[in-house]
Amino acid sequence: MNYESPREGDNDILLHSPPPKYASSATSSTAYVFPSARSQREQRHQSKLNIKDMGQTAILPIFNVIATVILVSVLIYVYTSADNKPVEYRMAGMPIEALISLLQTLIKMLLAGGIGYALSEFKWIKLESGTRLSQLDVYDAVTRGFGGIIRIATGIRPDSIIIPAILLQLGLIAIGPSSQQVLSAYPLSYCDNSVQFRFTDVTKEMLASWRQNDKDIRSLSGTTANYLVEMALDGMGQEYNFPINTNCPLEAKNCTIVDMPTLINKVECTPGVFNQTTIVSELDRSVMTVQQYYNFTDGFDYMSRPRTPRFFYAGSMQHRTGYDISNFSLPEESKAISTEPNTPDNTTSTAYAGDQVFVIVSSNGTANVDTIEYPNEIVVHECKLVAHLNRTNFAIIGHNAELTYSESKLIEMNYELLSDKSHWNRSDNEDDYSSEDKILLNAYALQLAALNYIITQDQSEFNDRNTAMWAIHNDDNGKNTIENFIYILILRISQSITMGRPVSLLPVDGVACFDLPTRYHLDPASYYTFCLCLLIPVFWWVLAWAIALYRAGGVSRGNSQVILLVTGFTAALRKQFKGLSHADSNTIFTRAKNTDVKFGELTTEHARKRGHVSFGTPEQISPLYKPSVIKRSTSSLRNNDNNNNRDEES
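Residue numbers (UniProt numbering): 1 to 650.
Derived by calculation from the structure, the hints in this document are not laboratory data.
Small disclaimer: the values here were computed from a predicted structure and weren't measured.
Heads up, some of the hints might be wrong.
[Unchecked claim] Straight-line C-alpha distance at most 30 angstroms; calculated DSS-like pairs for lysine-lysine:
1) K204 to K409
2) K85 to K253
3) K215 to K266
4) K108 to K266
5) K421 to K438
6) K204 to K85
7) K575 to K593
8) K409 to K438
9) K409 to K421
10) K215 to K204
11) K384 to K438
12) K108 to K85
13) K593 to K578
14) K438 to K215
15) K421 to K384
16) K266 to K438
17) K409 to K384
18) K384 to K215
19) K421 to K204
20) K384 to K266
21) K266 to K204
22) K479 to K266
23) K409 to K479
24) K438 to K204
25) K85 to K266
26) K215 to K421
27) K253 to K384
28) K409 to K215
[What the hints assert, rightly or not] FRET-style restraints, in silico, Cβ to Cβ:
29) S160 to T590: 55 to 61 angstroms
30) D234 to L188: 38 to 44 angstroms
31) N425 to T203: 20 to 26 angstroms
32) S326 to L516: 40 to 46 angstroms
33) Y227 to P86: 47 to 53 angstroms
34) K85 to G130: 56 to 62 angstroms
35) E416 to E251: 27 to 33 angstroms
36) Y227 to R305: 32 to 38 angstroms
37) E430 to T371: 58 to 64 angstroms
38) N400 to D234: 17 to 23 angstroms
39) S286 to K409: 26 to 32 angstroms
40) S526 to R591: 19 to 25 angstroms
Note that beta-carbon positions come from the ideal geometry of N, C-alpha and C, so glycine has one too.
Construct all of the structure, not just a fragment, from the sequences and the given hints.
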């Protein structure tokens, strides 16, 4: 069998002559063509080269994807491991915050690189379609982050690649703060009944102090803890806290007792009139007006100048003042009725129980300690104590104590019952009296003690030691009024009686709350959402990169500056930039924004061979020759067969 030698230009396809028995056949017109072994080897070699090129092109993007997924997985693991761990917890020898910061920095670096891969390939596709030359700089600048975007903002021509890329670059800025926001740490606390309070339960204990054994209302001198009233008065100027009886641990966040019954006397004041409001004179216990007390006349001639603030028993309190209580004695004990000239003989004692009313004389309605010179500076108030039973929540927070009232109930003062000494003498056992009896008697005794110490003390000394200091402390905040002063003073007295004198031998359990060490508390929904969102840029840039490579026929040009030099401008395009070779980047960019350009092959009309790839004007450039990446390694044999068949026929 004779074989023809391969001819040059036959595309490596060997033509075989037909066998002899068929060569002489007149009807045979078909040549049988078989690929040579050499041709097959070369095709396999070319296929291997194409696969190698694709592998070299994809190795870095594939590594980027794998590294990103691994780092995101590690980030999820770190979040999961840190949950409910103390803030001192370390992983890989690093604090959790530092480790997460490192991971998110690496992830941001990989994401930015991936976005750069996609943009660097897609810009060539954009240029092949024809666009402004400035898009070369735009695509390159967007890969450089927010700073690059700002630099070329005026040249951006929005398209389906640039806008998502810019949004993703801006989103990378939020990764750092978001990663730390997910990592929340705060202390938890637990509470138990390890703390005990001791206080005066005014619903179960009697506080009344009687000067006489028969418990006549005229001998009720106040409470069994009147020293607490003095303490409250003396601490008024410096606003000292009242004593607290509790074993609240120092390490406790707070200690609390709820629904503690507390007697509170509210002060209700009405404006008085200088020449009409009556008071009880401490000199002879007679009733007179404030004007008469100071011997004030129209000629400004008075016995002594009023020194304010000054407190008096109201005229309605005659025979019920602290002066009367101090001088009261029973006939059987003193062998005679009290010799006090203004004490009526009233065996029922009904007239000796009633509302506790007092009068305040102040300078212009303030608590300022002052000596009044002119009558228009004198302000008179007539005030009444109104008893309430509060349900109080008491909390110790650090070095401070806070009182909040959950309920306040007015105490109906039954003065007839208070004056009935047979009721109070029927038993010496406190348990024989109802809770209502104890509340009534305790409230009235506290009112008597409060007014007695406020009015009968040396008021000049009290003003110098406490009132003046309080007025100075509150002068700037607008609270320096005589109403505020007396309200706070009475409130301090009421609280001191309850908290400062725990009569009960049985302590009451309270609640102590403790802070646990600060720990990380992570919401899985939050950190899983955050971490999985980091993969969104990966999906985008991989898809954009793959589409760009497919449309480029598998040719990766990327950010190669050498390709820009090799391809170059056509003469027509160079002419548009004539004289600008020494210009700065801004000038070139401005010209490029107005220059239409296309990237492709420079060919002449009817040319059969592929031309030089270059940047030129749209009318000069033909599309690039792009064989299919998949078919490039498998279609050579079929093309060569067709060429050989045509040669044989010729």
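Hint by hint, here is what the structure shows:
Proposed proximity of K204 and K409 is supported: the alpha carbons are some 17 angstroms apart, at most 30 angstroms. For the hint pairing K85 with K253, the CA-to-CA distance comes to about 21 angstroms; that is within 30 angstroms, so the pair holds. Our distance criterion of 30 angstroms between C-alpha atoms is met by K215 and K266, whose separation comes to about 27 angstroms. Proposed proximity of K108 and K266 is contradicted: the alpha carbons are some 66 angstroms apart, above 30 angstroms.
Distance hint between K421 and K438 is fulfilled; the C-alpha atoms sit about 14 angstroms from each other, no more than 30 angstroms. With a C-alpha separation of about 49 angstroms, the suggested pair K204 and K85 falls outside the 30 angstroms cut-off, and the hint is violated. With a C-alpha separation of about 16 angstroms, the suggested pairing of K575 with K593 holds against the 30 angstroms cut-off. Simply put, K409 and K438 have alpha-carbon atoms about 15 angstroms apart, close enough for the 30 angstroms limit, and the pair holds.
Restraint check: the Cα-Cα separation between K409 and K421 comes to about 26 angstroms, which is no more than 30 angstroms; the hinted pair holds. Restraint check for K215 and K204: satisfied, since their Cα atoms lie roughly 19 angstroms apart, inside the 30 angstroms limit. Restraint check for K384 and K438: the C-alpha separation of about 22 angstroms stays at or below 30 angstroms, so the hint holds. A hinted pair counts as satisfied when its Cα atoms are at most 30 angstroms apart, and K108 with K85 qualifies at roughly 26 angstroms.
The straight-line distance between the Cα atoms of K593 and K578 is roughly 16 angstroms, inside the 30 angstroms bound, and the hint therefore holds. In summary, the hint linking K438 to K215 is supported, as the alpha carbons are separated by about 14 angstroms, within the 30 angstroms threshold. For the hint pairing K421 with K384, the CA-to-CA distance comes to about 25 angstroms; that is within 30 angstroms, so the pair holds. The hinted pair formed by K266 and K438 meets the criterion: a straight-line CA distance of about 19 angstroms does not exceed 30 angstroms.
For the hint pairing K409 with K384, the CA-to-CA distance comes to about 17 angstroms; that is within 30 angstroms, so the pair holds. Taken as a hint, the K384 and K215 pair is honoured in the structure, with Cα atoms around 25 angstroms apart against an allowance of 30 angstroms. Among the hinted pairs, K421 with K204 is consistent with the structure: their alpha-carbon atoms are about 20 angstroms apart, no more than 30 angstroms. Of the pairs offered as hints, the one joining K384 and K266 holds, with about 8 angstroms between alpha carbons and a cut-off of 30 angstroms not exceeded.
Annotation: proposed proximity of K266 to K204 holds, straight-line Cα distance about 22 angstroms (limit 30 angstroms). Using a Cα cut-off of 30 angstroms, the hinted pair K479 and K266 holds, with the two alpha carbons roughly 17 angstroms apart. Distance check on the hinted pair: K409 and K479 sit about 27 angstroms apart at the alpha-carbon level, within 30 angstroms; holds. This hinted pair checks out: K438 and K204 have alpha carbons roughly 7 angstroms apart, not beyond 30 angstroms.
For the proposed pair K85 and K266, the alpha carbon gap of about 51 angstroms is over 30 angstroms, so the pair is violated. Among the hinted pairs, K215 with K421 is consistent with the structure: their alpha-carbon atoms are about 6 angstroms apart, no more than 30 angstroms. Restraint check: the Cα-Cα separation between K253 and K384 comes to about 40 angstroms, which exceeds 30 angstroms; the hinted pair is violated. Distance check on the hinted pair: K409 and K215 sit about 27 angstroms apart at the alpha-carbon level, within 30 angstroms; holds.
Remark: the range hint 55 to 61 angstroms for S160 to T590 is contradicted by a beta-carbon distance near 26 angstroms. The hinted window of 38 to 44 angstroms between D234 and L188 holds, with their beta carbons roughly 42 angstroms apart. Hint check: N425 to T203, Cβ distance near 22 angstroms, so the stated range 20 to 26 angstroms holds. In this structure the supplied range 40 to 46 angstroms is violated for S326 paired with L516, their Cβ-Cβ distance being about 57 angstroms.
Distance hint check: the CB atoms of Y227 and P86 are about 49 angstroms apart, consistent with the given range 47 to 53 angstroms. Evaluation of the 56 to 62 angstroms hint for K85 and G130 yields a pass: the beta carbon distance comes to about 58 angstroms. For E416 paired with E251, a C-beta distance near 53 angstroms fails the hint of 27 to 33 angstroms. Y227 and R305 have their C-beta atoms about 34 angstroms apart, which keeps the hinted 32 to 38 angstroms range intact.
Between E430 and T371 the Cβ separation comes to about 49 angstroms, which falls outside the hinted range of 58 to 64 angstroms. The hinted window of 17 to 23 angstroms between N400 and D234 holds, with their beta carbons roughly 20 angstroms apart. At about 38 angstroms, the beta-carbon gap between S286 and K409 misses the expected band of 26 to 32 angstroms. One distance hint, 19 to 25 angstroms for the beta-carbon pair S526 and R591, is violated here, with the actual separation near 50 angstroms.
In the structure shown, a violation is registered for the earlier hints numbered 4, 6, 25, 27, 29, 32, 35, 37, 39 and 40, in ascending order.
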